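Enquirer: Spelled out, the chains give:
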Amino acid sequence: MTRRHLGCAALLACMPVLGAGTRSAADLRKITIEPTAGFISGVGGSHTFVVSGHYQDGFVADLTRDAVFTTSDPGVARIGPRGTVISTAEGVARITAKSGTHSAEAALVVTPARPKTWQFYSDIAPIFSKLGCNNNACHGAQNGQNGFKLSLFGYDAPVDYDAVVKNSDGRRINRTEPEKSLILQKPSFGVPHGGGKLMEKNSLEYTTMLQWIRDGAPIGASGGAKLLSVQMLPGGLRVLENLSERQQIAAVGTYSDGSRVDLTEKVRYTSSDEVIATVSSSGLVTPKRNGEVSVLIRTLGHLDAIRVAVAVRPDLPVATANSPAVRNFVDEVVFGKLRKLKIASAPASTDAQFLRRVYLDTIGTLPTPEESLAFLNDADPNRRDKLIDALLDRPEYAQFWALKWGDLFMIRDIFNMNNTPYAHEYFRRNFAEDRPYTEVAREMLTGVGSLAEVGPNNFYSREDRRSTEEYATLVSQTLLGVSLECARCHDHPKEKWKRDDFLGLAAFFSQVKMKERNGYRPFEGFVVLNYAADFKHPQSRQVVRPRLLDGSEPVIGPMIDRREVLAQWVTAQGNPFFARATVNRVWKQLFGKGIVDPVDDFRVTNPPSNPELLDGLAEYFIEHNFRFKPLMKLMLRSSTYQLASASNESNAEDSTNYSRYYVRKLTAEQLLDAVGDVTGAPERFQGFYRGKRAIDLPDPGVPSYFLATFNRPIRDTAKCERTGTPTITQAMHFMNGDAVQGKVASPEGRLLEMIASGATDDRIIEHFYLAANSRLPKPEEVALAKAFISKQANREFGLQGVAWALLNSKEFLFNH
Amino acid sequence: MLGRGTYHRAPMSVWGRRDFVRIGSASLLGLNVWDLARLSPVHAAGPPKQNACILIWLMGGPPQQDMWDMKPDAPHEYRGLFKPIPTNVPGIQISEHLPRTAKVMDKFAIIRSMTGKTAQHEPAQDYVLSGYPPLASLAYPSMGSVVAKEKGGRDGLPPYVAIAKPGYAYGPGFLGAAYNAFAAGDPNEANYRVRDIRLPTDVDWDQASDRRFLLKKLDGVFLKDPSVHNADTEGEFAAVDDAYVKAVDLVSSAKAQKAFQISEEPNRIREMYGRTPMGQGCLLARRLVEAGTRFVTVTTGMNVWDLHVRNFDMLQNDLLPSFDMSFSALLTDLADRGMLDSTLVIANGEFGRTPKVNAAGGRDHWPKVWSCAMAGAGIRGGQIYGASDANAGEVKDKPVQVEDYTATVYNLLGIDYSKEYETPIGRPVRISNGKHINLS
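Protein sequences appear in the order of chains P and B.
My numbering numbers the first residue of the first sequence as 1 and each following residue consecutively.
My numbering numbers the first residue of the second sequence as 1 and each following residue consecutively.
No lab work stands behind these hints, which were simulated from the structure alone.
None of these values were measured; they are calculated from a predicted model.
Watch out, some of these pointers could steer you wrong.
[Unchecked claim] Here are the simulated EDC-like cross-link-like pairs (lysine to aspartate or glutamate), alpha carbons at most 16 angstroms apart as the crow flies:
# : chain 1 : residue 1 : chain 2 : residue 2
1 : P       : K791      : B       : D204
2 : P       : K593      : B       : E234
3 : P       : K629      : P       : D389
4 : B       : K356      : B       : E394
5 : P       : K692      : P       : E425
6 : P       : K633      : P       : D385
7 : B       : K216      : P       : E781
8 : B       : K224      : P       : E811
9 : B       : K217      : P       : E780
[Claimed, not checked] Computed Cβ-Cβ distance ranges for the label pairs, DEER-style:
#  : chain 1 : residue 1 : chain 2 : residue 2 : range
10 : P       : Q185      : B       : D397      : 39 to 49 angstroms
11 : B       : G361      : P       : T368      : 57 to 67 angstroms
12 : P       : G144      : B       : K419      : 18 to 28 angstroms
13 : P       : D385      : B       : P428      : 39 to 49 angstroms
[Claimed, not checked] Below, a sample of chain P positions facing chain B; criterion: calculated Cβ distance under 7 angstroms:
#  : residue
14 : P218
15 : S647
16 : A652
17 : P726
18 : Q741
19 : S809
For glycine and all other residues, C-beta sits at the position ideal for the given N, C-alpha and C.
Please take these sequences and the hints and turn them into a complete structure.
Expert: The following block contains the structure:
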């Protein structure tokens, strides 16, 4: 158990029961019931309704277990336990839920029973998902278990039918004595089963399968209604303020014949973190400790998820004048959610804190002592906004963000093509000119010709002329924020993507051929188009038609570059991925964590921590023509960005709701440049002019022990994870290496210069504090430094030690 | 990605180490830490019992038919210029340019049926070093990183060390930077030392200690500041201290320092390995394994075995003599010290080379079949596993996929390769996807 977990448990143990208990029925504004119209087919079926109480202060709580249900006609439907209604005859009934003086109504329609021969596809296959038989630890594993293999999470129902009915000489089904079927006996533990007992003999699952075997184990009528979608009720974020509270979930499926069916008991529920909240097999969520989870439902390849938060905390104090102000809609939605979770944000950052932070985040460079003093002494109330505007116009802004984008698109010189200066310059110019990102995306996707000299073509630069499928992964990951990699070989286990989606996307790149030529460069790569080329399915060798991720298959004429069509779709205003994925990436760079995290893993089962924030930012980005500067200004001007990083009891465990600035280590390039700036002895890079900064290096091939040691990405993957945990080698380099000591003691460096010019100890200490930490030293710190100097061999050596300590300090190494 | 709180233990105080007091007082007596190291007892008799691995990484793709898998009966444009010679195991022949190795054939095994998928250096190197073909969406950890994670190091020694050339493919992938290889430089250089393992020349131990004390004080003032108070909820600050502690462990561990001090090794031994990067690299690897490192890679240069041009010339005059000397010396030395049973030695590359010699007198990339030499850790010496066809072009018997090779390595090191790691997006990844072969 971590320190903070222990602390939290202690906190919960001592806390009085609060939350919805502090709200009384008198505070209820209204109650609602969902769905407002439910359908049951036949007699004896059940339907779950979810009741929500809406309070005066905006809070919404689940009242399903507390509300009183009545039926207008018990002859049609009667009330069952836990918010369920059970049909007794065909007809229509009104179901009323009452809490105190409030009530809400829903209609229940009992339709004639459908001829009920259970079919494998629609009725039996979902059971294997519901009971968990086909997950990756059991029969869905690569080699199944004990000779019985099902497709992972049921993505391949025909194969599963064979596995259950036909394989192993059909011994799993016993047609003459159905109760003796192995497929029934094992999960009900009638015979030993490594997976344990998963169902009782009187359960819905058992009786359904038994009847199905009695009916001859039919595979399924191909003309039957297909499940189109499953919806989770209620929608939106639910907050449980008390460990005694619960949240009931209902699941309603919509079929191709227009019918809507309650699937609450038939879908499989999972919680993304059982430590925080668990969910029962009937959709009841039980909170365990503070945090947020996604509750996911799955059936027959369909998925949906909602977020549930557990916030057992004291009520927040009323907002005071000192609380950070709401400056724009970012603050509105961020602070709004924090209020719901009863998390108190950190206070606003001090000027000194903000100053260093905003320089590092926008231009990757520390302010000079002069710049720091100018800002700290500026009395203009708009000084922070002015600083943001000025920084976004600095040349270092374009360099720093070109570096990040180079990481993302894996710009490096693989074949000695000397392509990286062009690719790097392309990104630098895009940022400097604030070009609309839709134009950039289009240029990259539709690149043709030399990789060496045409920057955007480097989108296609890969060491091995990778197969067409790699481009599908690449475009989805980098531009759309979607990790399709799992779907390359099988339907994605955690998402709705099927293998067909992956292959259909790859088909857009079928015409791309990489050619090489040895000319005046040792090697030069070219993107060449063969308009007639098709993409063939890796197994069946059938031609795969290009398919977009929304499932549509555009008709593309013969001499058309398919990538143009793809680019049009990607950059269209209505595209649900591009803007969201992009704003999310920028947000992560500035705020430390994506609203969707990881940033290239958008999926239904990985919902954004704040959907209103993500959608609002995407809208803003689109409204401003997909340009980065307005977007960044919005983000940087927000009070959310400018919060202090200090934590308090209520926000110490929050790492997803931006209740404070999340501290992070300076990146390799920032660090190297910063040490050079502070010591006045900047690094020299092989092959570059004096004064070239690390943030401006075009590719990771430029040799640098320092950068390699501090995890400069080598750009062989599009996941730009840079930081990682500190290593021994880094510590040694900073403790002992020439990175610090060498530069501090350098004859060309600032320290010796200041000593030679006769500066006092106070002056020198002040200078180094301004240079390293963008602030004046505290008297306490000056005293410590002077005491240290007085004990050293000589004054110069003492001052060196002070500079060394500053550069090894947490304050310097971290962006806070 | 903000990690989960893994830094749950209070880091050892860097400042309170008794060693520092000891070193401090020793320096009063005029001794420095190196003197102290010499005064402490020589390595305890007997090898460590845990299994470790030394991988001699023949980067670039060594030609199987000119080293391990001779084809004297093939047409001359296939068999090349080299002839086979007998070894000290009847029935086994290897290249005439590996005479010393031939005399220790009874100590190692040759797999002649390695087979892979890709003929490009980078992806093939990723593949053979990690057991997984590389993906743009996921960085897999190298074998050394996995071993570092599963076994950890001892006595301040880093568990995973890369000698001479550390390549990118040696990286920790999704396991994170803590399992990165420790770069140990080239021990064949005169005045070899590990970078930054010693204090700067102008700062002595006491002064370094004073500086660290000042640092601690200044950090203390910073951490109390209300704007950053308790800001490191994920233990980020503690992680830096943790790395410093480990660094100080290494810098002040006499045993660790000593292990890296190849100059301590008797001249006779250094000559036996050969005064080449390969030779001294293997020797240093032996010392590190003796002291507590678990996985060492020895790489002499970037793709030096990538012999598209002048294959036979380069092999005969440069690569094979130094390899022959180093490899045989390593096996002999380990056996003499009783370390061979607990140390796995591998000599392998990312693929083989084309059966037919090209117009420039070289061979090109060939992943369909190649050879790999393995010794120690219980492997039965003097055996040939698998076979290639008449031209060393295809696998004829018992193919060993790269996954199976890594599974075999893990199995010999006592690591359960069916164990799964979880990547940042929650995808389960087995340590190895293959099945180990039996070499006992």
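Enquirer: Of the numbered hints stated previously, which ones are contradicted by the structure, given in increasing order?
Expert: 14
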